[in-house]
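So the protein lines, in turn, are chains A and B. Position 116 of the first sequence, counted from 1, bears residue number 339 in this note's numbering, the numbering being contiguous throughout. Position 69 of the second sequence, counted from 1, bears residue number 203 in this note's numbering, the numbering being contiguous throughout.
None of these hints come from the bench; they were simulated from the model. Among these hints, one or two may not hold up.
Unchecked claim - Each computed SDA-like pair below joins lysine to any residue, with the alpha-carbon atoms no more than 20 Å apart: (1) A:K382 - B:P182; (2) B:K184 - A:L414; (3) A:K360 - A:Q458.
To be verified - For the chain A half of the interface with chain B, some residues (derived, Cβ under 8 Å), not all of them: (4) G251; (5) I353; (6) E370; (7) I418; (8) V427; (9) H428; (10) E455; (11) V456; (12) I459; (13) L463.
To be verified - Simulated restraints on C-beta separations: (14) A:R390 - B:N181: 23 to 29 Å; (15) B:K163 - A:E344: 52 to 58 Å; (16) B:E154 - A:Q458: 21 to 27 Å; (17) A:V270 - B:I191: 41 to 47 Å; (18) A:S287 - B:V165: 49 to 55 Å.
Each residue gets a CB set at the ideal place from its N, CA and C atoms; glycine is no exception.
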Amino acid sequence: MNMMHEIVKEWLEQEKIDLFIGYKVVDGHPLPCFFTRENIDDVDNLVESKARYPLEKIAAKVYSTHPEMKIGILARDCNQRALNVLYVWNQLDPEKIETVGINCCPSPAREHADCSYLEREPSGPLKTLIGIENNLKPEQAEVYSQEERFKRWSYEFEKCIKCYGCRNICPVCFCKECSLEHSDLIKKGELPVEIPIFHLVRAVHMAGRCIDCGLCEDACPANIPLRLLYREVNQITARLFDYRAGTDSGQSPFSILGENVTLEPMSL
Amino acid sequence: MSFLQALLDFMGLGGRLHLEWISSAEARKFVQVVTEFTAKIKVLGPNPIKGWQGPEIPDSLPSIFEGRALGV
Chain A
224 MNMMHEIVKE
234 WLEQEKIDLF
244 IGYKVVDGHP
254 LPCFFTRENI
264 DDVDNLVESK
274 ARYPLEKIAA
284 KVYSTHPEMK
294 IGILARDCNQ
304 RALNVLYVWN
314 QLDPEKIETV
324 GINCCPSPAR
334 EHADCSYLER
344 EPSGPLKTLI
354 GIENNLKPEQ
364 AEVYSQEERF
374 KRWSYEFEKC
384 IKCYGCRNIC
394 PVCFCKECSL
404 EHSDLIKKGE
414 LPVEIPIFHL
424 VRAVHMAGRC
434 IDCGLCEDAC
444 PANIPLRLLY
454 REVNQITARL
464 FDYRAGTDSG
474 QSPFSILGEN
484 VTLEPMSL
Chain B
135 MSFLQALLDF
145 MGLGGRLHLE
155 WISSAEARKF
165 VQVVTEFTAK
175 IKVLGPNPIK
185 GWQGPEIPDS
195 LPSIFEGRAL
205 GV
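So that you can see chain A by itself, here it is in the shape it has in the complex (with noise of 0.2 Å):
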C-alpha cells in the first residue's frame, strides 16, 4: 500500500473528505472514478495516471448538486490553477476541496514530470508551409504578415469539425449556457465552421480563466493550435490587465458582476 492510497483512506475514514476523485485502470484505461468511505477497499485500485482528465470539473459538477459534499482531489500543478479560477468564479468552495498533490507536466518550468502532455510531434510539411506550428511561442506566431497570420490561422480554423471537444474538456468552461450554442452566432452541426467568430468566441471566453493545461488540444481531433491561441489570450491579460488567472486570487478582470453581487433593488 503505497503513502497516497493511505492518505485518502484516512481522510476518508476520518470524515476530512466523502468523496475522492482520482484514477483507476478500467480494462487497461486509466479513467477517472470516485472512491467513498462506503467503498473504501477499492482505494488500492486508486492511481496517478499518466492520462489526464479535468477532475476539477467533476467536482464542480458533484458541488453543484450536492453542495455539502466534502470532495477530495488528486492535483497536479493544472488542476490546482483550476481549482484557483473555480474558487474565484465561485463554482467550488474552497472549504470544501482537499487536494493530494502529485507530480506535473513537463514544461519549462519543471522538467522531470510524468504527465501526458509533453512536447507534441513536430508539424508535417503541409501544416508547416501554409498552417501554423503547435510548439510555437505567440511571439513566433508574429513573424507573419497580417495578410499572412489570417491565411494560417483560417487554414487551422477551417479543420474544426464542430465536436465541442475543446470546451467539454476545458476546466474552466461551466458555463450553463453556452454561447458556440446559440443560434445568432454559431450554425450548430453545421459546416465548415464559422471562421473566425467559433474560435474567437471561445478565446475572447478564455481570458482570465484560461490555466493553460493543454486540454484543449489535447482533446483536439483536427491538432488545432489551440493551446497557443489561449496562450496568446493569457499575455494580452497579463499585459492589459496585469491578471494571470489560476495564479493571481481576486476577481478576473473580465467579470462583470463585482465583487459583492445582490439582488437587492439599489437605493436611488
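For this one, chain A is given, so just place chain B on it according to the hints.
Chain B only, in chain A's frame:
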C-alpha cells in the same frame, strides 16, 4: 476593446476594429473619426474573411512531401 484589438491583430485582422465614444454634440469629432477610420480601412483593403476561399494548397508539392505523411 484593447484586448479584442490585440487578439484580432494576433490572427491577422489587426487595425480593423475601432471604438470611440462620441457625444451627440460632437459632430466635428464624429466626422474626424469616421474619415480617419475610413481612410485607414481603405489602405488595409477588403476584409479577408469575405474573400477567403479556403486554404491554398500548393499545386506542386515540394520534394519534402515525398514519402512522408502530410500531417495536418
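The hints, checked one at a time:
1. A:K382 - B:P182: 18 Å, holds
2. B:K184 - A:L414: Roughly 17 Å between the alpha carbons, so the hint for K184 of chain B and L414 of chain A holds.
3. A:K360 - A:Q458: 11 Å, holds
4. G251: 27 Å, violated
5. I353: Where the cut-off is 8 Å and the nearest Cβ of chain B is about 6 Å from I353 of chain A, the hint holds.
6. E370: With a closest approach of 7 Å, the E370 of chain A hint holds.
7. I418: Because about 7 Å separates I418 of chain A from the closest Cβ in chain B, which is inside the 8 Å limit, the hint holds.
8. V427: 7 Å, holds
9. H428: Violated, about 12 Å.
10. E455: Because about 5 Å separates E455 of chain A from the closest Cβ in chain B, which is inside the 8 Å limit, the hint holds.
11. V456: With a minimum Cβ separation of about 7 Å from chain B (threshold 8 Å), the hint on V456 of chain A holds.
12. I459: With Cβ-Cβ at 4 Å, under 8 Å, it holds.
13. L463: Hint holds; L463 of chain A Cβ to chain B Cβ min 5 Å, cut 8 Å.
14. A:R390 - B:N181: 23 to 29 Å: Given about 27 Å between the Cβ atoms, the range holds.
15. B:K163 - A:E344: 52 to 58 Å: At 53 Å between Cβs, range holds.
16. B:E154 - A:Q458: 21 to 27 Å: At 26 Å between Cβs, range holds.
17. A:V270 - B:I191: 41 to 47 Å: 44 Å, holds
18. A:S287 - B:V165: 49 to 55 Å: 53 Å, holds
When each numbered hint is compared with the structure, violations occur for hints 4 and 9.
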